[in-house]
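Engineer: Order-wise, the sequence lines are chains U, W and Y.
One gets our numbering by counting positions in the first sequence from 1 and adding 24 to each.
One gets our numbering by counting positions in the second sequence from 1 and adding 485 to each.
One gets our numbering by counting positions in the third sequence from 1 and adding 17 to each.
None of these hints come from the bench; they were simulated from the model.
Keep in mind that the hints are not guaranteed to be accurate.
In silico PhoX-like links for lysine-lysine, alpha-carbon gap of 25 angstroms or less [stated by the list, open to error]:
id, chain 1, residue 1, chain 2, residue 2
1, U, K243, U, K131
2, U, K207, U, K197
3, U, K207, U, K243
4, Y, K84, Y, K24
5, U, K135, W, K682
6, W, K648, U, K131
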Amino acid sequence: MIEIEGITKRYDETTVVDNVSLVIEPRTIAVIVGTSGSGKTTLLRMINRLVEPTSGVIKLDGADNRSVPDYQLRRSIGYAIQGHGLFPHRTVAQNIATVPLLLGWDKDRIKARVDELMTLYQLDPQAYGPRYPHELSGGQQQRVGVARALAAEPNVLLMDEPFGALDPIIRTKAQEDLLAIQKRFGTTIILVTHDMEEAVHMGDKIAVMDAGKVLQYAKPAEILARPANGFVETLVGSSERPFRLLSLGRVRDAVEPGGAEGEAIPGDASQRDALAELLWAGRPALPVKDGDGKLIGRITVEGLVKRARPA
Amino acid sequence: MKAWLPALLRLALLVLLVAFIASPGWFEPLLRPLTENGAPAIYNQGSLLTLTLLHLRTVLVATVAATIVAVALAILVTRPAGAEFLPLSRSLVNIGQSFPPVAVLALAVPAVGFGEKPTLIALFLYGLLPIFENALTALTTLPGNVMEAARGAGMTGWQRLVKVELPLSAPVILGGIRLSVVIGLATATIGSTVAAKTLGEVIIAGLISNNLAFVLQGGLIVAALAVLIYDGLSAIERYAARRMGRETA
Amino acid sequence: MTFRFDKLGIVIAVVVAYAAFAAPFATFRANRIVPGQARSILESLPSALGALLLAIVIVGGIIALLKTPLVLRLAASVIALAALAILIGTAGGFLTPAGNTFARVSPASGFWLLIFAFTLLLADVLTRLNLSPSARVGALVVAALAVGALLVSGSWDSLSILKEYASRADSFWAEGSKHVTLALGSLAAAVVVGLPLGILCHRVEPLRAGVLNVLNIIQTIPSIALFGLLIAPLGWVAAHVPGAAGFGIRGIGTAPAFVALFLYSLLPVVANTVVGLAGVPRAANDAARGMGMTDRQRLFDVEFPLAFPVILTGIRIVLVQNIGLATIAALIGGGGFGVFVFQGVGQTAMDLVLLGAVPTVALAFAAAIILDAVIEMTSTKRRAQPA
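Please take these sequences and the hints and turn them into a complete structure.
Structural biologist: Here is the structure:
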């Protein structure tokens, strides 16, 4: 659990982060979203003390994050940034091993962990381990960056626009990978982004920041349905709102009894994708199948349209 | 040009240089036409080998000292504690580089007398500047997200310096050392005007006795040394830069 | 009010304290080559003036030591430097016994350290003031005028370096003008040849590596050797080409020095021209081509103006380098300030060495400041225009 209590950061006369309080539940993803200059990155950097707050306290699992020296604190928290920041003079394997080495793990344990992470990220340890970062593609570099952040098995992972430099296709893949790995390790993730789409997709909870203040901190559906004020509403984007709301729900939750003509849609697809499929197919309804391919009912345009508006 | 041609040329130059220094007598017929009135064609007031080694030793000592001091200073002014000195040190480097090496040499004589000392001082002081400048450039232009990642990974200031900043700066610092060595090799010859034992002795003996063969052999040995050392250091630099994915032009 | 220490100020204060109290201010010698005797500040000056100078440097040191306003630091450094400059002349007169023309008084380590310390303070202030290029040149002109005024007023005449000057005033100016002619003339020749050569190298790719390699190798030949090696071919030209001797081409003297400096100058000029032209943004070049400019128009209207600051940087390197290297010309009878340096070294007369070295350093320093200012002006002017 991460408790941010009344955190303020001032540079001379400018207040960058203004009395922010947030509680982030363990094993969840909290996304901080805001425009540039909203203070979101500064808030993130105060958690691992790359920036020291002017006032306020941040507690990790109940302990003040100032109770250990800053470098020790940072070794226990994963940190991934935009443009990955890989060390160009070290191989991929050495990059991933950075924090375990700092912590003094023994060789075998480090090697095992590096291999595990590389395999998890679909990078063959034999082939890619000895390469240098500049020999990898952008997407591979980004994956190594996240693998490095996760190397020392941190309970908390801080991510600052980690997918910012990726093109849309690789970006979606990277988001899926991260979600899968978060489930597997149960890491608590705090992710900073300016992209509401990414926030809605990734976040268990979203904190919307502007001018140093948190305007709203809630589940994505809540933010979409009941934006706290005009700024949050603009950020959500009124023309995108129904689709974003739909993208939060799974098809299986909108299944109606009965059958329909056409190719079946998998139950774990998003409702948004299902609507797109229906519109493209030009049908009022399509059948739905579960993981084993068994038909479990149908999904209708009419039903989805109802769900596209907040209850 | 074929890839192996430059390497072959350098090897040939090296062989020629070693042969000439070790046994200058073999080359006597080549230099003979440059002399007049039966003057000796090969320097005869000392061994070329000894002078070459002394020349190299002078440059080496001065460069090693200059590297240590320059890099230490550059590290100092790029730490938070020394940041106040950064702008000043930049302007001092700029001013320092406008001091001609000969003037530095000449001004060192009143302070320490004749011989090897003023030469070492001049080489050291003049060698400081390119190394300091390059080290400063390297340490202040490190990629921001890499430094951020190093801090975020929990490296202490010392670990960041040793494990990230210095390795990343190495190619650029090496560039400064290379410049300083080449300037030093040439400046050391001038050291002979203040009685330092270097290859300059051969050249000056030639100038005084109007013996072109002396001037030529002294000059060519220094030039060959400079070319070979310059190339060698460039190769190391390129290797270091390539490992970091920074191709040099 | 709390007192806080300035980090650089601590260094300056330590140097000032050592120089003022432990190091000799001036050296007195019975004639120009015997070893000298050290004299402290109070021994070198009439007691009132000595105390005044001590007071000035101590106050200056304290101002440097504490965190004080820039204006105060500027005033302290300028006043201390001026006092040192004026009073070292007074010390010369004070220490020299009346009517003795053999005795020599020269500034000693304490004086030089004090000058160094307060110059450091001044440099720090000027750096922090972040002067505009024209203001920097202005400051240089003021400093030059002040030194000039002191020289003309004769207040330094009793110092050893000026006694050396007095006994060879005519040759000093003759060698000086030779020095400047050598440095500037070879630079001009290098620009005339190097610019077109650089453009050619930029346009004709295969030529580039070859030309730059040859020029690089020339740079590695030690200057005294290159000067010496040119004696033979130029001697041959003088003897065999009709009219060449009439132009002043001779085996020894100014000609080989000029040619050697010219050869050294080529590399920075050519290399910077190539780098400057290569650095012209592709988009600018494409746009120029797209608008139908000919190669020639593109060169003069787009590439050259954009590459100018880089080329100018090459010219700065050459000028400063040439002013220094021209000193070596003296070894082959080419004249210049090096004549005094090497004569002085030969006679172990350090004042004579200084007579050659000080103007050389001053010239190089002034050239660097002026060209830096010009470079900054040309590149900021360009930056101010929307790209």
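Engineer: All the hints need checking, so say for each whether the structure fits it.
Structural biologist: Okay, the hints, checked on the actual structure:
About 42 angstroms separates the Cα atoms of K243 (chain U) and K131 (chain U), which puts this hinted pair outside 25 angstroms; it is violated. For the hint pairing K207 (chain U) with K197 (chain U), the CA-to-CA distance comes to about 16 angstroms; that is within 25 angstroms, so the pair holds. At roughly 18 angstroms between alpha-carbon atoms, K207 (chain U) and K243 (chain U) fall within 25 angstroms of each other, so this suggested pair holds. At most 25 angstroms may separate the alpha-carbon atoms for a hinted pair to count; K84 (chain Y) and K24 (chain Y) meet this at roughly 9 angstroms.
Distance hint between K135 (chain U) and K682 (chain W) is unfulfilled; the C-alpha atoms sit about 56 angstroms from each other, more than 25 angstroms. About 18 angstroms separates the Cα atoms of K648 (chain W) and K131 (chain U), which keeps this hinted pair within 25 angstroms; it holds.
Violated hints, in rising order: 1 and 5; the structure is consistent with all others.
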